[in-house]
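J.: Residue strings, one per chain:
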Amino acid sequence: MAKKYSITNNIRKLRFFANEMTQQELAEKAGVSRQTIIAIEAGKYSPSLELAFRIADVFGVTIGEVFAYQVKQD
Amino acid sequence: MSYQEKRTVVGILSGIAILAAYCLYTFNRYAAGAVTPGDLKFWATTMLIFIGIGIVASIVIQIVFHIVLSISIAVTKTIHNQAVDDKEIEKNINSEMVEDERDRLIELKSNRVGFIFAGIGFVAALFALVFDYSPVVMLNILFISFSAGSVLEGFAQLYFYRRGA
Chain S
1 MAKKYSITNN
11 IRKLRFFANE
21 MTQQELAEKA
31 GVSRQTIIAI
41 EAGKYSPSLE
51 LAFRIADVFG
61 VTIGEVFAYQ
71 VKQD
Chain D
1 MSYQEKRTVV
11 GILSGIAILA
21 AYCLYTFNRY
31 AAGAVTPGDL
41 KFWATTMLIF
51 IGIGIVASIV
61 IQIVFHIVLS
71 ISIAVTKTIH
81 NQAVDDKEIE
91 KNINSEMVED
101 ERDRLIELKS
111 NRVGFIFAGI
121 GFVAALFALV
131 FDYSPVVMLN
141 ILFISFSAGS
151 VLEGFAQLYF
161 YRRGA
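Chains as they are written, first to last, in this note's numbering: chain S, 1 to 74; chain D, 1 to 165.
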């Protein structure tokens, strides 16, 4: 059976280490709505590659430090 | 509830109101005997008028909604922070109304739901003709399925906003 994968993210942790950056601040810097940041953080929406790069750029880290592609744990 | 969800709810309500108004108007006229079953001109004219009303009403409702929303954001911000200035309020309003890739994806997905429903309605309308129903029935199935499809599109949009796209 094929493995199931999911995209996880460290946005909450990165926001904490970025001087407790608010979701609104991140949204403004990444050029999206706060609801989109909330959805990404909650794993309800997988951003486009471009947005993923923009979010990584806001924190000054690589895309791999923000998002991870992992085998789904059931 | 986010700005997009509120806007969708307003769209759904206005869509339902217009559909209900059409049903009430036409079926009352029909029940009163003012329309003969084969009077295609009446039905076509009524549908065109309601399409026009629908377009104008949805534009007006969206404008009123944006004005009310802007006022409510400004009032809420002023109550919570007395020293806030106009530019700050404007910035808040603009940030609430940002439309991004997720909104576009949700719009596309919900459009598909609406079009599938309208497509089924079109096929049902053709079947109505095949089974010897009058063209008026066919026209009404078409009109109602397209209108209901747009309402369903709104519900799908709401679902994707809540459950994730």
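FYI, nobody ran anything at the bench for these hints, they're computed from the structure. Hints are supplied without guarantee of correctness; some may be wrong.
For lysine to any residue, the following SDA-like pairs were computed, each having C-alpha atoms within a straight-line distance of at most 25 Å [unchecked claim]:
hint, chain 1, residue 1, chain 2, residue 2
1, D, Lys87, S, Lys44
2, D, Lys109, S, Glu25
3, D, Lys109, S, Tyr5
4, S, Lys44, D, Arg112
5, D, Lys109, D, Asn92
6, S, Lys29, D, Ile120
7, D, Lys87, S, Glu25
8, S, Lys13, D, Glu101
9, D, Lys6, D, Met47
10, S, Lys44, D, Met1
In silico contact screen, one side only, chain D against chain S (beta carbon under 7 Å); selected entries [what the hints assert, rightly or not]:
hint, residue
11, Ser2
12, Glu88
13, Val98
14, Asp100
15, Arg102
16, Gly164
17, Ala165
Small disclaimer: the values here were computed from a predicted structure and weren't measured. Glycine is no exception: its CB is placed at the ideal position from the N, C-alpha and C atoms.
J.: For each hint, tell me whether it holds in the structure or not.
T.: Results for each hint:
With a C-alpha separation of about 33 Å, the suggested pair D:Lys87 and S:Lys44 falls outside the 25 Å cut-off, and the hint is violated. A C-alpha spacing of about 28 Å is found between D:Lys109 and S:Glu25, which places the hinted pair above 25 Å, so the restraint is violated. Proximity of D:Lys109 to S:Tyr5 is assessed by CA-CA distance (about 22 Å); at most 25 Å being required, the pair is judged to hold. For the given pair, S:Lys44 sits about 20 Å from D:Arg112 by alpha-carbon distance, which is consistent with the 25 Å threshold.
In summary, the hint linking D:Lys109 to D:Asn92 is not supported, as the alpha carbons are separated by about 28 Å, beyond the 25 Å threshold. Restraint check for S:Lys29 and D:Ile120: the C-alpha separation of about 43 Å exceeds 25 Å, so the hint is violated. Taking the CA atoms of D:Lys87 and S:Glu25, the gap is about 17 Å. The hint holds against a cut of 25 Å. About 24 Å separates the Cα atoms of S:Lys13 and D:Glu101, which keeps this hinted pair within 25 Å; it holds.
The suggested pairing of D:Lys6 with D:Met47 is violated, with an alpha-carbon distance near 28 Å, which exceeds 25 Å. Of the pairs offered as hints, the one joining S:Lys44 and D:Met1 holds, with about 16 Å between alpha carbons and a cut-off of 25 Å not exceeded. At a threshold of 7 Å, the smallest CB-CB gap from D:Ser2 to chain S is about 5 Å, leaving the interface hint in force. Violation of the interface hint for D:Glu88 is found here, the shortest Cβ-Cβ separation to chain S being roughly 13 Å, above the 7 Å cut-off.
Because the closest C-beta pair between D:Val98 and chain S is about 4 Å apart, less than 7 Å, the hint holds. Given the 7 Å rule on beta carbons, the hint for D:Asp100 holds: about 4 Å separates it from the nearest Cβ of chain S. The interface hint given for D:Arg102 is met, as the beta carbon of that residue sits about 5 Å from the closest beta carbon of chain S, less than 7 Å. Because the smallest distance between the Cβ of D:Gly164 and any Cβ of chain S comes to about 3 Å, under 7 Å, the interface hint for this residue holds.
With a least beta-carbon distance of about 6 Å to chain S, the hint placing D:Ala165 at the interface is held under the 7 Å criterion.
Going through the hint list in order, the structure does not satisfy hints 1, 2, 5, 6, 9 and 12.
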